[in-house]
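S.K.: Sequence lines, in order, name chains A and B.
Per the numbering used here, the first sequence starts with residue 1, numbered consecutively.
Per the numbering used here, the second sequence starts with residue 1, numbered consecutively.
Rather than coming from a laboratory, the hints here were simulated on the basis of the structure.
Errors might be hidden in some of the hints.
To be verified - A few chain B residues that face chain A, going by a derived Cβ cut-off under 7 Å, partial list only:
no.	residue
1	25
2	29
3	367
To be verified - Subject to a maximum C-alpha distance of 30 Å in a straight line, what follows is the list of computed DSSO-like cross-link-like pairs (lysine-lysine):
no.	chain 1	residue 1	chain 2	residue 2
4	B	399	A	160
5	B	438	B	249
6	A	160	A	211
7	A	160	B	249
8	B	249	A	36
9	B	438	A	53
10	A	88	B	284
11	A	17	A	160
12	B	376	A	36
13	B	399	B	376
All C-beta atoms, glycine included, are put in the ideal place defined by N, C-alpha and C.
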Amino acid sequence: MAGLGVVLALLLALANKKLYVYEDPRIGEVEELLPKSNCGACGQAGCRDFAEKVVGGAIIPAQCTVSTPQQRQGIADLLGVAAGTMEKKLARLACGGGHHVAFLRARYAGLATCRAAAVVSGGGKECAWGCLGLGDCASVCTFDAIHMDLHGLPRVDADKCTACNDCVEVCPKGLFSLEPVSHQLWVACKNQADGDTAEAACEVACTACGKCVMDAPPALLKLDGNLVVINYALNVWATRQPIERCPTGAIVWFDKPDTPVKGAAARKILRNDPLPLTH
Amino acid sequence: MKFLNYFRGETFARGIHPPQHKETATMPIRRLPFAPRLIVHLSQQVGRPARPLVRVGQEVVRGQPIAAAEGFISVPHHAPASGVVEAIRLHPTANGPWGEAIVIRVHPGSTQEVLWEQPQYLPALDADELIEAVQDTGIVGLGGGVFPTHAKLKVPKEWPVDTLVVNGCECEPYLTSDHRIMVEQPADIIAGIGIVRQLLGGPRAIIGIEDNKPDAVEAIRARLPDDGSVSVEAVPTKYPQGAGEMLIKTLAGREVPPDSRSYQIGAYVQNVATLAYMGALMPKGRGFIERVITVVGTAVDRPGNYLVPIGTPLRFLLDYVGARDQSLEVVFGGPMMGQAVGSLDTPVTKGVSGILVFRGRDVAERAARKTYPCIKCGECVECCPMGLNPSTLGMLAAKRQYELMSERYFLGTCFECGSCSYVCPANIPLVQQFRVAKRILREKAAA
């Protein structure tokens with residue numbers, strides 16, 4: 001028996017030598033330096049895939065947006081390349097309708113997830129485009145970066161958000177998108193109904209009045225489908241000016257990456273309690 | 001000898017027996033008045049939305065086409081009343097996302113006669129012309145499937161159909177619209193069967209009616225053609241007898257394999273209401289502009305079977321039948337498979353066969369019921385007519401393992417009859433979980 005063991009062990013040792021596949025040892029080292037969350041924010045299949053591509057030179061270390069600058073520099077030093085820079089992206093919600101400003105037309109009872117509420121007549125909110133507030137995004141976030149605020153809207157923590165795309169995929173209304181922090185001008189509404197209908201559904205809806213378009217530099221903003229659309233190709237021209245006359249505060253300016261500021265003319269909302277059911 | 005049927009398998013396996021509540025079965029069809037504004041959605045069917053043919057401000061007469069079919073899997077829509085096109089704008093639907101709709105302001109003084117028709121002699125038409133004639137009526141599957149009927153009628157040549165199964169089961173509790181159509185318009189149904197038989201090369205037709213509707217069986221039997229090509233059979237009352245696959249099993253003794261169509265086993269199913277409207281509208285060349293809808297429920301003062309113009313807003317209809325409670329629960333369709341409606345501005349569409357209205361306080365107790373973890377009692381497995389395992393599917397859905405659900409547990413064959421949710425003692429919303437899972441899988445397949 002012992003002899004058999006020795007023979008098989010030798011066979012294994014031989015196979016190990018014979019069938020050895022050379023792999024760049026740096027791939028393993030780079031993988032060690034990565035956050036290993038396998039989030040896919042970099043666009044690769046996972047951290048191992050990212051490490052292989054970085055070592056191969058196909059992508060730069062900065063494309064791992066989840067890692068800290070120190071980690072990225074560590075990878076760059078190891079490989080002897082420049083870490084490069086990628087602008088930080090954040091998940092941003094295109095809705096400002098918490099339950100203190102958005103009217104309810106029906107009460108939803110059932111499975112308490114946004115996905116499930118969306119299949120039952122689109123949920124209980126009067127606005128069919130708005131945030132349902134049941135927190136699928138908060139529960140799917142691996143980095144604890146999304147929390148529901150007191151008005152039932154998700155708040156993204158700029159320090160923790162890694163732009164991994166999970167919340168973008170889970171939202172049944174498609175309200176999240178990944179935006180570079182330089183996109184400071186932002187339309188927090190997706191209601192495509194005409195102005196009166198939209199305002200009857202939510203006090204902070206975009207009514208497509210066009211004041212912001214008039215105040216903005218040419219071609220930066222335009223009206224499309226009862227909404228303002230920002231042309232981010234001209235983002236360098238963006239200023240705070242367009243938000244100032246917005247009557248509802250649907251178009252906002254991000255002073256800090258996660259705190260939207262409304263214009264001076266925006267309707268002041270003092271209410272904190274949820275609105276009652278309307279008919 | 002009747003008891004022997006038990007061993008032969010008289011009907012499909014499993015299923016449930018919910019309370020029937022067919023209180024409106026004896027109430028004749030009555031006409032609902034025209035609402036001041038009718039809202040005709042461009043997308044009331046499976047497939048592409050229709051393309052508007054009218055401008056804002058244009059006068060339309062009752063029965064006139066106002067939207068044309070966009071491609072083959074689509075249907076035209078017709079003006080449900082004479083009036084003026086007030087707007088073409090987004091409007092709430094029962095599904096959730098708002099859709100483009102044509103709003104018609106009805107002329108209050110009009111006699112509302114159908115002023116647009118093109119009578120045609122159907123036996124002279126060949127198959128393609130007949131399918132086109134079906135499409136021109138704008139009829140969709142009225143049992144709730146809303147798949148364009150003409151597209152369903154285009155059965156590939158390599159699959160000969162020998163049995164036309166006519167679905168008169170109406171197994172959903174509360175609903176009686178098909179029942180009343182069978183009692184009051186049997187001639188239209190026979191005419192509709194004639195059209196479909198002409199298209200499919202003359203298969204034998206069997207009308208299956210649940211045995212809780214003896215008057216419907218009698219009414220149709222009195223009108224059967226003498227050549228024996230059409231027969232009526234009373235089938236056991238059991239939910240979901242009215243699902244196509246189940247009725248084929250009961251009447252023709254065949255089972256539809258997963259991922260195949262019923263015509264691949266030589267059977268073709270059509271709902272009685274769809275056939276009745278085909279038989280009534282096609283010889284005259286008219287469009288489908290109104291349908292019979294059962295309006296019933298604890299909140300309704302005057303329940304009944306109403307002939308409702310397509311596009312009637314829910315708010316107007318509920319006012320007319322006397323449902324003015326502050327808090328209502330409204331469902332389009334039956335209680336088992338119907339769709340809860342979130343807005344009273346939603347108009348009636350072609351696929352609505354019933355409207356259930358309950359007072360909020362009547363359903364509050366049920367809505368407040370807590371959901372408990374699965375106790376693995378197996379009730380849902382015992383009742384699933386498709387032989388699935390809803391319990392396992394539900395647990396996988398909670399873990400978001402949607403691919404596994406479809407690959408290993410045949411989620412795709414579930415037709416959402418609701419039997420599992422109905423029997424579940426732990427009150428788990430199984431069908432809702434399956435609907436979510438199916439929608440996510442569809443989105444992934446499309447991406």
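S.K.: For the pair supplied as a hint, residue 160 of chain A and residue 249 of chain B, confirm whether the alpha-carbon distance does not exceed 30 Å.
M.R.: violated, 57 Å
S.K.: For the restraint on residue 367 of chain B, tell me whether the closest CB of chain A is nearer than 7 Å.
M.R.: holds, 4 Å
S.K.: For a C-alpha distance cap of 30 Å, please report whether residue 160 of chain A and residue 211 of chain A respect it.
M.R.: Not OK: residue 160 of chain A and residue 211 of chain A at ~35 Å, beyond 30 Å, violated.
S.K.: Please work out if residue 88 of chain A and residue 284 of chain B have their alpha carbons no farther apart than 30 Å.
M.R.: violated, 66 Å
S.K.: Check whether the Cα positions of residue 438 of chain B and residue 53 of chain A lie no farther apart than 30 Å.
M.R.: violated, 35 Å
S.K.: Hint residue 29 of chain B vs chain A: min CB-CB distance below 7 Å?
M.R.: violated, 28 Å
S.K.: Between residue 376 of chain B and residue 36 of chain A, is the straight-line Cα distance small enough, at 30 Å or below?
M.R.: This hinted pair is violated, its Cα atoms lying about 38 Å apart.
S.K.: Quick check on the hint: residue 25 of chain B CB to chain A CB, less than 7 Å?
M.R.: violated, 28 Å
S.K.: Is it true that the CA of residue 17 of chain A sits at most 30 Å from the CA of residue 160 of chain A?
M.R.: Outside the cut-off at roughly 45 Å; violated.
S.K.: Residue 438 of chain B and residue 249 of chain B: Cα distance at most 30 Å?
M.R.: Distance of about 25 Å is within 30 Å: holds.
S.K.: Given the hint that residue 399 of chain B pairs with residue 160 of chain A, does the C-alpha gap stay at or below 30 Å?
M.R.: Distance of about 25 Å is within 30 Å: holds.
S.K.: Check the hint pairing residue 249 of chain B with residue 36 of chain A against an upper bound of 30 Å on the C-alpha distance.
M.R.: violated, 54 Å
Checked against the numbered hints given earlier, this structure breaks hints 1, 2, 6, 7, 8, 9, 10, 11 and 12; the rest are met.
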